[in-house]
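Colleague: Below, each chain spelled out in residue letters.
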Amino acid sequence: METANGGRPKDPLEAELARLLAAYREACPEPEPGPEFMPRLWERIERQNSVVREFRRLTEILVGAAVALSLLMGVVLSSREPAVSFYTGTYVEILAANYAQEAALDPEAIPAEQGYFR
Amino acid sequence: MLVDFELVKRAREGDHAAFTQLVQAYRKRILGTIARLIGRPEDVEDVGQEVFLRLHFSLDQLRTEEVFEPWLYRLTVNAAYDYLRRQRRRGEARMADLSEQQVMLADAAAGSRVQQEEQRRRQLRETVQALLANVSEQDRILLILKEIEGLSLKELEKIYRVNENALKVRLFRARQRVLKALAASQTGTARGGGN
Numbered sequence: 001m002e003t004a005n006g007g008r009p010k011d012p013l014e015a016e017l018a019r020l021l022a023a024y025r026e027a028c029p030e031p032e033p034g035p036e037f038m039p040r041l042w043e044r045i046e047r048q049n050s051v052v053r054e055f056r057r058l059t060e061i062l063v064g065a066a067v068a069l070s071l072l073m074g075v076v077l078s079s080r081e082p083a084v085s086f087y088t089g090t091y092v093e094i095l096a097a098n099y100a101q102e103a104a105l106d107p108e109a110i111p112a113e114q115g116y117f118r
Numbered sequence: 001m002l003v004d005f006e007l008v009k010r011a012r013e014g015d016h017a018a019f020t021q022l023v024q025a026y027r028k029r030i031l032g033t034i035a036r037l038i039g040r041p042e043d044v045e046d047v048g049q050e051v052f053l054r055l056h057f058s059l060d061q062l063r064t065e066e067v068f069e070p071w072l073y074r075l076t077v078n079a080a081y082d083y084l085r086r087q088r089r090r091g092e093a094r095m096a097d098l099s100e101q102q103v104m105l106a107d108a109a110a111g112s113r114v115q116q117e118e119q120r121r122r123q124l125r126e127t128v129q130a131l132l133a134n135v136s137e138q139d140r141i142l143l144i145l146k147e148i149e150g151l152s153l154k155e156l157e158k159i160y161r162v163n164e165n166a167l168k169v170r171l172f173r174a175r176q177r178v179l180k181a182l183a184a185s186q187t188g189t190a191r192g193g194g195n
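So the protein sequences, as listed, match chains A and B.
For the first sequence, our numbering begins at 1 and goes up steadily by one.
For the second sequence, our numbering begins at 1 and goes up steadily by one.
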């Protein structure tokens, strides 16, 4: 029996271990597979297959339900009245409109010759 | 290879007859390896079934037919490792852990020559298993594959997908621990004999 490093054991302890390991192989019976080995194996394979099939079926149902729900929500949302939008113009237009409103309320900004606030 | 690549290919493609042939070709070898890895004859067939069950559901992941054997050994190692880990968790008593009285009773029961031979083998198995119990499950499996199953470092490299040097280091360390345990047991025996 060779050691892990490929050489013959020199140490008596190494030799004893090599002897024990070689004898262990002899002492371990070679088990003969029973006649039920293959039928049992196929039974286990079938059982696992049916679990996988069931899981796949459940997944398909869940995915189908999720798609149907998404479509339904899409239809419901698109059929509703559009919400009032606060900003319809561009940023510059909104800024200009805001400025015009503020200018209208500010008395300093109103020219004196117009005769207001006299 | 115990079978040709064509059979592995057919089994990979879902041919049930080919898979059955594959199992029939390898089951004895795999059961033998499992017996030596787990050391419990009563559970060998269950672990063997687990190996072939895993093989059935992972055959499609096999890259090429050439790596079939290392792949099968990897599945065997994993199943044996899972089994040993479960056993450790359960904390079941092994034969090596039996009391001296129980062992003596078993010895007394072994009367005939055949029984004596079986008794000798059982004691040897227990001795080696007790020595191997001094290393982790992974190292125990590695050591058995190398030293008892006789797999080469190249084959182990393919099974473990680890480079040869790393395997050598692990094997060396595992061996050292087993040797230490052997030395301790011999010292204990010598002391016991001296009393």
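It is worth saying that the hints were derived from the structure and are not from the lab.
Don't take every hint at face value.
[As the list claims (entries may be wrong)] Stretch-level coverage of chain B by chain A, calculated; a stretch enters the list once three of its residues show a Cβ under 8 Å from a Cβ in chain A:
(1) 37-50
(2) 122-133
(3) 179-189
All of these numbers come straight from a predicted model, not from anything done at the bench.
Each residue gets a CB set at the ideal place from its N, CA and C atoms; glycine is no exception.
Colleague: Work down the list of hints and note, for each, if the structure agrees.
Modeller: Structure-based check of each hint:
Note: the region 37-50 of chain B has 6 residues with beta-carbon separation from chain A under 8 Å; the three-residue rule is met and the coverage holds. Beta-carbon proximity to chain A at under 8 Å applies to 6 residues in the region 122-133 of chain B; the threshold of 3 is reached and the given coverage holds. Counting residues of the region 179-189 of chain B whose C-beta sits closer than 8 Å to any C-beta of chain A gives 4, which meets the bar of three, so the coverage hint holds.
Checked against the numbered hints above, the structure violates none of them.
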